[in-house]
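Colleague: Given chain B's structure and the hints, the job is docking chain A onto it.
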Amino acid sequence: MAPTAASTTNSDGRRSRLALIVTGGVGLAAASPFLRPLLGMGTADAASKSQDLRILQLVLQLEYTQVALYEQALKEASLNGQLRDFARTALKHERQHLAAVKQALGSKAGPKPRFEFGSKTKNAEAFRQTAIKLEDIAVAGYNGQAANLTKPTLAVAAEIVSVEARHAAWVRAIAGEVAAPDPVDKPMTASEVSAALNEIGLRTS
Amino acid sequence: MDEQRDFARFLHAVDVDGAIAEASHQRQLALSRRGLLAAAAAGAGALVLGRSEARAASGLSANDVGILNYALVLEYLQASFYTEAERSGALSGKTAQAATVVGATERAHVKAFQKLLGSKAVKRPLFDFQGVTEAQQAFLKTAVAFEDLAVAAYKGQAPKLRSSAVLAAAVGIHSVEARHAAWMRELFGVTPAVNAFDKPATKQNINRIVASTHFIVAHPKMKARSKPQYTG
Numbered sequence: 001m002a003p004t005a006a007s008t009t010n011s012d013g014r015r016s017r018l019a020l021i022v023t024g025g026v027g028l029a030a031a032s033p034f035l036r037p038l039l040g041m042g043t044a045d046a047a048s049k050s051q052d053l054r055i056l057q058l059v060l061q062l063e064y065t066q067v068a069l070y071e072q073a074l075k076e077a078s079l080n081g082q083l084r085d086f087a088r089t090a091l092k093h094e095r096q097h098l099a100a101v102k103q104a105l106g107s108k109a110g111p112k113p114r115f116e117f118g119s120k121t122k123n124a125e126a127f128r129q130t131a132i133k134l135e136d137i138a139v140a141g142y143n144g145q146a147a148n149l150t151k152p153t154l155a156v157a158a159e160i161v162s163v164e165a166r167h168a169a170w171v172r173a174i175a176g177e178v179a180a181p182d183p184v185d186k187p188m189t190a191s192e193v194s195a196a197l198n199e200i201g202l203r204t205s
Numbered sequence: 001m002d003e004q005r006d007f008a009r010f011l012h013a014v015d016v017d018g019a020i021a022e023a024s025h026q027r028q029l030a031l032s033r034r035g036l037l038a039a040a041a042a043g044a045g046a047l048v049l050g051r052s053e054a055r056a057a058s059g060l061s062a063n064d065v066g067i068l069n070y071a072l073v074l075e076y077l078q079a080s081f082y083t084e085a086e087r088s089g090a091l092s093g094k095t096a097q098a099a100t101v102v103g104a105t106e107r108a109h110v111k112a113f114q115k116l117l118g119s120k121a122v123k124r125p126l127f128d129f130q131g132v133t134e135a136q137q138a139f140l141k142t143a144v145a146f147e148d149l150a151v152a153a154y155k156g157q158a159p160k161l162r163s164s165a166v167l168a169a170a171v172g173i174h175s176v177e178a179r180h181a182a183w184m185r186e187l188f189g190v191t192p193a194v195n196a197f198d199k200p201a202t203k204q205n206i207n208r209i210v211a212s213t214h215f216i217v218a219h220p221k222m223k224a225r226s227k228p229q230y231t232g
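As they're listed, the protein sequences go chains B and A.
Positions 1 to 205 (my numbering) are the ones given, in order, by the first sequence.
Positions 1 to 232 (my numbering) are the ones given, in order, by the second sequence.
Hints are computed from structural coordinates only; laboratory data are not their basis.
The reader is advised that the hints may include incorrect statements.
[Stated by the list, open to error] Among chain A residues calculated to face chain B with C-beta under 7 Å, some are:
id	residue
1	V101
2	G103
3	A158
4	P159
5	R162
6	S163
7	L167
8	A168
9	W183
10	A193
11	A196
12	F197
No residue lacks a Cβ here, since even glycine has one placed at the ideal position from N, Cα and C.
Looking at chain B on its own, in the form it has when it is part of the complex (with noise of 0.2 Å):
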């Protein structure tokens, strides 16, 4: 899995970095034919690069839907003070790891799911209370697959979750609220990520 000189001098290191690591370079995605469904993943297998990037199409629509959600906030919800710049600064982020998470998976990223959000965009509130919602389930999501992973890419994820669960506390404690409620973050699986995923508004139909 050595790293060719070209692909490290991409302007971003880090989305080269997780390619590299996934990818192996060159031909590895071809090389895994069999992607079993994602929600018939098991937690028992171990780790490979191929399981890693079946994961990471359960991570893909993860940030795909975190991107939409703030977008479609900023353009609906009238969203002004320190709401603003969090959805602001958070959709910044979302979008690198979207674009992380693409390189990464190359020709194997799945399409731009649709999104129906319905009220859950239209005001500041029911869009808080969204956000609190969608950044825990990134945080459980990628905490639930951390044991699946390869090492190399579990490292990488490790510097996503981490701001997924700084957004998760800086959205709760801009109202007040207990921003960690938990002394231990309970990780869901990919079936449950998928429908809380389904829940919050994405349609993969």
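Modeller: Below, chain A without anything else, positioned relative to chain B:
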């Protein structure tokens, strides 16, 4: 050494009115450049090997025991810091509420690691927070530094853990520390999430930073201070 530069910058950014730097100058019985675990062991007398609960850590590799003890020292540091701040009576409003919640969580982390490690758990070091628990702004600034450090430390160690079960627990704590970091930053009035990617830190860098604060001491202080000190 980008990482070192980042941390120097980070500490500088966090140390807005110089409390951490001040604390460094007020050192007494300082442990200078010794490692965090060495410091903890010195402060505690020794590792308490084989005293009780020899069972708990039996399934863990030496590698994981080492990492867990390192995490335990960081949790001791945080738990003692919040407990002392709560008891000092210097905190008010949302900051006091946050300190209570976060303190309880850090104490729970300490208990969890102690239970997991059993007789292999390092003992709690002695701490002297040198006044930062006795004023709200100094408290918040130190809390931001501690929490950001904890996030970076867990992130640096998580991929090195061998046991999947321990890893699952560690990542669940790692993200909670990140929530704490964001919360303390919000209260202190700085951006809760600066970058899209949070950097890890090596054990060496964490040790260097913790040593530079001189918050871990080898012996209890001899002279009484103006306010009582707590180590709980």
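Colleague: Hint by hint, say whether it matches the structure.
Modeller: Now for the hints, and whether the structure bears them out:
1. V101: holds, 6 Å
2. G103: For G103 (chain A), the interface hint is violated, since the closest Cβ of chain B sits about 11 Å away, which is over 7 Å.
3. A158: holds, 6 Å
4. P159: holds, 4 Å
5. R162: violated, 10 Å
6. S163: violated, 9 Å
7. L167: holds, 5 Å
8. A168: holds, 5 Å
9. W183: Hint on W183 (chain A): holds, closest Cβ of chain B at ~4 Å, below 7 Å.
10. A193: holds, 4 Å
11. A196: holds, 4 Å
12. F197: holds, 4 Å
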